[in-house]
Amino acid sequence: MQFGIFTVSDITQDPTTGRTPSEHERITDVLTIAQHAEEVGLDVFALGEHHNPPFFSSSPTTTLAYIAAKTSKIQLTTSTTLITTNDPVKIAEDFAMLQHVADGRVDLMLGRGNTGPVYPWFGKDIRQGINLALENYGLLHRLWREDFVDWDGQFRTPLQGFQSTPRPLDDVPPFVWHGSIRSPEIAEQAAYYGDGFFANHIFWPASHTQRMVALYRQRFEHYEHGTAEQAIVGLGGQVFMRKNSQDAVREFRPYFDNAPVYGHGPSLEEFTSQTPLTVGSPQEVIDKTLGFRDYVGDYQRQLFLMDHAGLPLKTVLEQLDLLGSEVVPVLRKEFANNRPATVPDAPTHESLVAARNAAKADGGTIAAPKGAAFGAAAVKGA
Amino acid sequence: MTTRTLAVVSAGLSQPSSTRMLADKLSDATVAKLAEQGIDTTVETFELRDVATDIMNHMLTGFPSPKLEAVIEAVTGADGLIAVTPIFTTSYSGLFKSFFDVIDSAALAELPVVIGATAGTPRHSLALDYALRPMFTYLHAIVAPTGVFAATGDWGESADSVKTLPARIDRASGELAALVAASDRSANVRDPFALDRPFGHLIGGLTGE
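Line by line, the protein sequences are chains A and B. Each residue of the first sequence is one higher than the last, beginning at 1 in the UniProt record's numbering. Each residue of the second sequence is one higher than the last, beginning at 1 in the UniProt record's numbering.
These are computed hints drawn from the structure, not numbers from a lab. Since the structure is predicted, the reported quantities are computational estimates derived from the model, not experimental observations. Hints are supplied without guarantee of correctness; some may be wrong.
[Said to hold, decoys possible] Among chain B residues calculated to face chain A with C-beta under 8 Å, some are: (1) Leu-60; (2) Gly-62; (3) Thr-137; (4) Tyr-138; (5) His-140.
In this text, a Cβ means the ideal position worked out from N, Cα and C, and glycines have one as well.
With the hints as extra help, turn the sequences into a complete structure.
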């Protein structure tokens, strides 16, 4: 199982000091945080995409390429890459390039974004959000798997004999996760392609995440990518820790109370009881995180939000130290207990290359999903 | 025996509240009219004051507390709704509007609704038709033609003696009862995770529907 962090790249005033970092300072802080994530033994660093203040991360592959050069083990990914408003051709190119410079330590998570005006800024209609996600990903999927693509769709210029470059490393595309808070269509899309499904988890009650993941698992099996328990699931989480629980609550409360996403609303106590947020000792974080498995099953990737709401760099690095030294080693051990051998790990470049080579050795090709509810077969049958 | 469920939402703030009084009168009259047709009605009445903080928290966080979620489920899953608000500053109260703001905009579709309002003087009565009625129409609810407005005077001496409050309640509740009797909303289990169309249409439709 993989453990890591994800950042939304917000530039937020520290409510305890009134100080707001500059863009440059926050950007370099995040680069430091990513490198420290590897130093403390985490497996994954994920970076969001935004196109408006107070966020800086408009160009994730640039940022991740730098981090790739400064690290050697950590898997780099996004949280999320906007499949709705980015040109799928550019996504294909950027991430294939990143895959090469990072020696394969790359996957990506696709999402629709949560900032309405991004759609018109990029010439799109938000009412077509789901349709954009479906068509754009359909094209992206082909660009990474077919050397020359003829394509015609509703939302971008047609392509004739187009080859996106560079080709994916070892001709194996980066693994794709589909991230969603509330859209069952996206769980369905992830299941259809046999891709991963990442539930944001942190902004909604667990019962909601439970149902979304159950839907994804059931549909993953329906499309014959494996059994429901073999579907690839990731979850968000959000923690703040100190050795003593009371110290954690006291220190984090002003950041919670003023946080851009949920500040000035429910109390810290209400929010922690209704969502996965954990503020307390490392043991409390361990206990709550282990509980996630009770309602989503054995899963592959756990990402924590650690660096938002104006928390200063020093505090974030201390949080990573606690996560890496006291929490994740225990989680690795406990999550491995009673985990069926048939449950796969999160795909990596190495595992995908090995799977591709094994399929080739069998003389077979990777079968298209059955079910005939889809694509050309469905259209013909209709 | 045939059964129906009726949700009653009152945005009154005081105790006792004339808004709640009007809501209860509409509710009692509707239940009686349904009983005449052999229909047994389960009534669930909600004072929005009880979930006022939850409503605002939902607006800020994007999800309801368990307490508010129960209210929203009862209202959106009912066969009929009686919605009554005090008129503040020429319109529904902010609390009343906020409650409907946090409900999914498709969740009240085809829900029979009777609208009611209270205020100090009859001069505010048109707020029913320029504020409440368009809001429920936007939500694709089925709004009964008669809305009931009760001014303070309606509860006593200066009441309208020609079109009396009981007569207006009688008319509105009759309209609502007819709509509720025909409704099968509470029998339909709505699954928020159900796709509104087969997914194959979404992908196949893009390439050649």
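Going through the hints against the structure:
1. Leu-60: Given a least distance of 3 Å, the restraint on Leu-60 of chain B holds.
2. Gly-62: Result: holds, 6 Å to nearest chain A Cβ.
3. Thr-137: Because about 21 Å separates Thr-137 of chain B from the closest Cβ in chain A, which is outside the 8 Å limit, the hint is violated.
4. Tyr-138: 16 Å, violated
5. His-140: Because about 17 Å separates His-140 of chain B from the closest Cβ in chain A, which is outside the 8 Å limit, the hint is violated.
The structure fails to meet hints 3, 4, 5 from the earlier list, while all remaining hints are met.
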